[in-house]
Amino acid sequence: MDDSHSFDAYQSEPAALDDIMQKIAEHKGCGTTGGSGKASCGSGAGEGDMPADIWEKVKNHPCYSEEAHHHYARMHVAVAPACNIQCNYCNRKYDCANESRPGVVSEKLTPEQAAKKVLAVASAIPQMTVLGIAGPGDPLANPGKTFRTFELISEAAPDIKLCLSTNGLALPDHVETIKRFNVDHVTITINMTDPDIGAEIYPWVFWKHKRVTGKEAAKILTDRQLQGLEMLTANGILCKVNSVMIPGINDDHLVTVNREVKSRGAFLHNIMPLISAPEHGTVFGLNGQRGPSAQELKALQDSCEGEMNMMRHCRQCRADAVGLLGEDRSAEFTTDKIMEMDVNYDLTARQAYQEKVEEERLAKVAARNAELETLAGENADLSILVAVATKGSGRINEHFGHATEFQIYELSSAGAKFVGHRRVDLYCQGGYGEEDALETVIRAINDCTAVFVAKIGHCPKDDLIKAGIDPVDQYAYEFIEQSAIAYFKDYLAKVKSGEIAHVTRGDADIRQGAFVPVNA
Amino acid sequence: MAYKIVASQCTSCSACEAECPNVAISEKNGTFVINPKKCTECIGHFDIPQCVAVCPVDNTCVIDTSYPRYQPSA
Ligand code: SF4
Ligand code: SF4
Ligand code: SF4
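If you read the protein sequences in the order shown, they are chains A and B. Letter 351 of the first sequence, counting from 1, is numbered 351 in the UniProt record's numbering, and no numbers are missing. Letter 37 of the second sequence, counting from 1, is numbered 37 in the UniProt record's numbering, and no numbers are missing.
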């Protein structure tokens, strides 16, 4: 499926989200009765202007809330293989290149199989709260299969949130149905609003029984996407926009796209790096179109930040991904296995589990805020990036050598801000040949000052130090943000005393291909 | 004539199935096939064969010359 319209994640300022979260916890739903109907619960931290009703919808959504993605799981079901457009970053011969490893074809499910799978997974993984249909293909080019799946699931498991991701071409025709099925989030992939740029991204669209090409195709697509977006937001349906950053084609233009979609009510924007390797067989892969570097991506995301919430924890996961973001348990739930499973869907047990998760979350927020207070008054302009090895739950709980990805935080006197992931899974297959695994890790986090781990061996420690990256294991199993702030305080003090010199780090690589954890 | 699907090329995406005005396309053993008796080459319905227009893999829905050209009756 298309990454691009994969439903994935976003993050807004975690600080603002947490503030809202805490206030909701303190007095049960902060005043939602602002004159505009858009009460702001955020204190002055960051944009903080996410309306409470939206926050209610997203706070436990692993893809929309950076914070929630440590705690809640999502799954995608592949029921919608047909598509009505062609993108130059997609090779449907091998599934969508951005979503699945080439050669690994996601299992196509019937709506009935999909519904059973959802129940099986939700019973086995109580923190599974969200079901998405994103492809491979376009869910709205397969409206029968998509909506039948939603219907079956909403009957059997009414607590599960439904989302769908679309390229937008057919969207205006389905807004009524989307509303009827209570779908609460829709993601539209919008890569341009300028048909000249669109013509370089989309070779054709299938429209009114014709294959339309060039600028005309792009014009139809952008009109339909923006119309669909307006209709959704006018109907109170949460709408996120995904964009694929294609250097030299739409990179500068995405700032305009950001403005256009914000003005039409999109609540989040997820700018993702183009994934294009020749072996994926996409047009871009074959003609040598490169993807952005980590620094380029971050710079673009930063430049859109003031405009609206930006999502940064998207991992461009597979269309049939199951489990927490960054974890893939799809192998446990193949069609054969599911069809044999006895499913006992226990809503009460799920709710009890989720309550415990909430407690853990609040403890984390409190610890972070306490640590943040001690940083007050420090006003150095300096900021650094750190990489964190984690298995989830917001803690530093992964061994350096086992990490398939690192979470990147930006530390400054404003606190610790999550800015993205760096994958190191399967680096060798990513075109780096026989290169030593450690070198590839260093390339992936080369812009970081430190790497936080639960444990690390002597050799990699020495090599990291040589590369200028500080290996930190003293916060093993502690909360990430709290530890990061403590580290940063220490760092500032050492810079001040002259014990260490602050150096600006270089750029880093973004790994190509869909996320495939080692244990998958 | 009728159209046929080159099985080795087909991704089984099912896009053509939904577009065929004659319900000539169906899934068989994991790939999609056209029933030549039902295929009218889209004549009388559309300017271009819908399966060709919507298929993501070029040269997958092709003319099968072993059938005579479709003649719209009446
Ligand atoms: S061609 Fe279709 S399935 Fe592939 S990325 Fe584009 S919209 Fe998604
Ligand atoms: S040419 Fe038209 S009638 Fe024949 S199979 Fe293709 S879509 Fe159906
Ligand atoms: S549209 Fe093409 S690839 Fe898809 S099922 Fe039909 S023949 Fe196969």
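Check the hints yourself; a few may be wrong.
Which residues of chain A face chain B? A few of them, derived with a C-beta cut under 7 Å, are [to be verified]: (1) R92; (2) K93; (3) P203; (4) F206.
Some chain A residues well away from chain B (every beta-carbon gap over 12 Å; in silico) [claimed, not checked]: (5) A82; (6) N84; (7) D138; (8) A141; (9) N142; (10) L152; (11) H209; (12) K210; (13) V255; (14) M339; (15) M341; (16) K356; (17) T374; (18) A486; (19) L492.
Keep in mind the hints are simulated off the structure, nothing from the lab. For glycine and all other residues, C-beta sits at the position ideal for the given N, C-alpha and C.
Against the structure, the hints:
Hint status for R92 (chain A): holds, given a least beta-carbon distance of 4 Å to chain B, under 7 Å. Given hint, K93 (chain A) at the interface with chain B, holds; its Cβ is 5 Å from that chain's nearest Cβ, closer than 7 Å. Restraint check, P203 (chain A) versus chain B: the minimum CB separation of about 10 Å is more than 7 Å; hint violated. Taking 7 Å as the C-beta cut-off, the interface hint given for F206 (chain A) holds, the closest approach to chain B being about 5 Å.
Here A82 (chain A) does not stay apart from chain B, with its beta-carbon only about 4 Å from theirs, under the 12 Å limit. Non-interface status of N84 (chain A) relative to chain B is broken: a Cβ of that chain comes within 12 Å, the nearest being about 7 Å off. Separation of D138 (chain A) from chain B is inadequate, the least Cβ-Cβ distance of about 9 Å not exceeding the 12 Å criterion. For A141 (chain A), the condition that its CB be more than 12 Å from all CB atoms of chain B is violated, with the nearest at approximately 7 Å.
A beta-carbon of chain B is positioned within 12 Å of the beta-carbon of N142 (chain A); the least distance is around 7 Å. With 12 Å as the threshold on Cβ separation, the claim that L152 (chain A) sits away from chain B holds: the shortest Cβ distance comes to roughly 19 Å. With 12 Å as the threshold on Cβ separation, the claim that H209 (chain A) sits away from chain B is violated: the shortest Cβ distance comes to roughly 5 Å. Separation of K210 (chain A) from chain B is inadequate, the least Cβ-Cβ distance of about 7 Å not exceeding the 12 Å criterion.
Non-interface status of V255 (chain A) relative to chain B is upheld: no Cβ of that chain comes within 12 Å, the nearest being about 31 Å off. Distance check on M339 (chain A): its Cβ is at least 17 Å (rounded) from any Cβ of chain B, clearing the 12 Å threshold; non-interface status holds. Distance to chain B confirms M341 (chain A) as a non-interface residue, since its nearest Cβ pair spans about 24 Å, more than 12 Å. Distance check on K356 (chain A): its Cβ is at least 42 Å (rounded) from any Cβ of chain B, clearing the 12 Å threshold; non-interface status holds.
Every Cβ of chain B is farther than 12 Å from the Cβ of T374 (chain A); the closest lies at roughly 56 Å, confirming the non-interface assignment. Against chain B, the non-interface label of A486 (chain A) holds: every CB pair exceeds 12 Å, the least being about 52 Å. Here L492 (chain A) stays apart from chain B, with its beta-carbon at least about 54 Å from theirs, past the 12 Å limit.
Checked against the numbered hints above, the structure violates hints 3, 5, 6, 7, 8, 9, 11 and 12; every other hint is satisfied.
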